[in-house]
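Let the sequences and hints guide you as you build the complete structure.
For the sequence shown, full-length UniProt numbering begins at 1 and goes up steadily by one.
Hints should not be assumed to be uniformly reliable.
[To be verified] Think about it this way: if two alpha-carbon atoms lie no more than 20 Å apart in a straight line, the pair counts; the simulated SDA-like pairs of lysine to any residue are:
1. K277 x V291
2. K277 x P287
3. K277 x G266
4. K277 x M294
5. K277 x L288
6. K277 x V293
7. K277 x P265
8. K277 x M290
9. K277 x L267
10. K277 x V296
11. K277 x L289
In case anyone wonders, no lab produced these hints; they're calculated from the structure.
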Amino acid sequence: MPIDSHPRTAPSPIADEAIPDISVVIPVYHERENLHDLVARVGEALEATRWSFELICVDDGSRDGSQQILAELAADRPWLRPVALARNYGQSTALQAGFERARGRYIVTLDGDLQNDPLDIPAMIERLETDPSVDMISGWRHQRQDKALSRRLPSVLANRLISWATDVRLHDYGCALKAYRREIIERIHLYGELHRFIPSLAREVGARIEEMPVRHHARTRGQSKYGIDRTFRVILDLVLIVFFLRYRQRPLHAFGGLGLWLLTPGLLILLYLFAVKLSGEDIGARPLLMVGVMAVLMGAQLIVAGLTGELLIRVYHEGSGRPQYHTRDLPEPAASGRHA
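See the structure below:
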């Protein structure tokens, strides 16, 4: 089976294959030592269930032979669909490539380092199947096996910071094991490093999220790609996601609000200095004059930036045809409320 290496915006229909119930999407980067066990464990976990499935392993430009191993494993596993990216784009892009090819009613993500346990997948899917009020299940590694402080400390800091800033309260944002209804994934688009904020993005498009404790295993092969520097990148990405969630539809409120906070005191300072000048005093050498001028200029620039953002948002929605809102099906009426 050839590895899919051609980008496309949607999966091509396959007439002779039934649409699976579950699509498992796993980004892979330099995990050749884990691939055999990874594929085997996913197969063992899902072949014993009543659901049909596919496994989409997205190789994110590995140079350790992972692509060759995936091609060999797919040769006798029709449910394994490898994807090879042309270079290393990052985890968000790899996930998006998998999402665009996923065909299942439910979509599951997990890491390729064998620290997530595929045996937890059936319980997640069962929860989605039996409770229509839940759209996404987020894994919670309540008994983490990571001993290194360089992994545990950034995770704790990031979880608290993201929960506070986005108001989506989760114990474990960093757990890659998550399950979604397909319609939720179709509403979001990942780029940069937004994979860390998928629960926040899902909530923004209307998903109802539930957390589920899952198993966690220590890494036994390969090397971790995370470190303490990830905390600083999370902070920068958090600025973007907070702006996206709160002000995407109204950028003037963000830029214009800050602009007014600068413009108003700047104008008051200049009015005060103007009155001082009228009284005959020299104001040319006063530092306060520079403060007032800079505050007015910066405030005016921010307000103009907000107006420009409003125009861009209008062009974005009207030009692309993207909806400003999403709807959901109404619940079935109670039996007692139906008319005979």
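Query raised in the report: Failing hints, ascending?
Result: none
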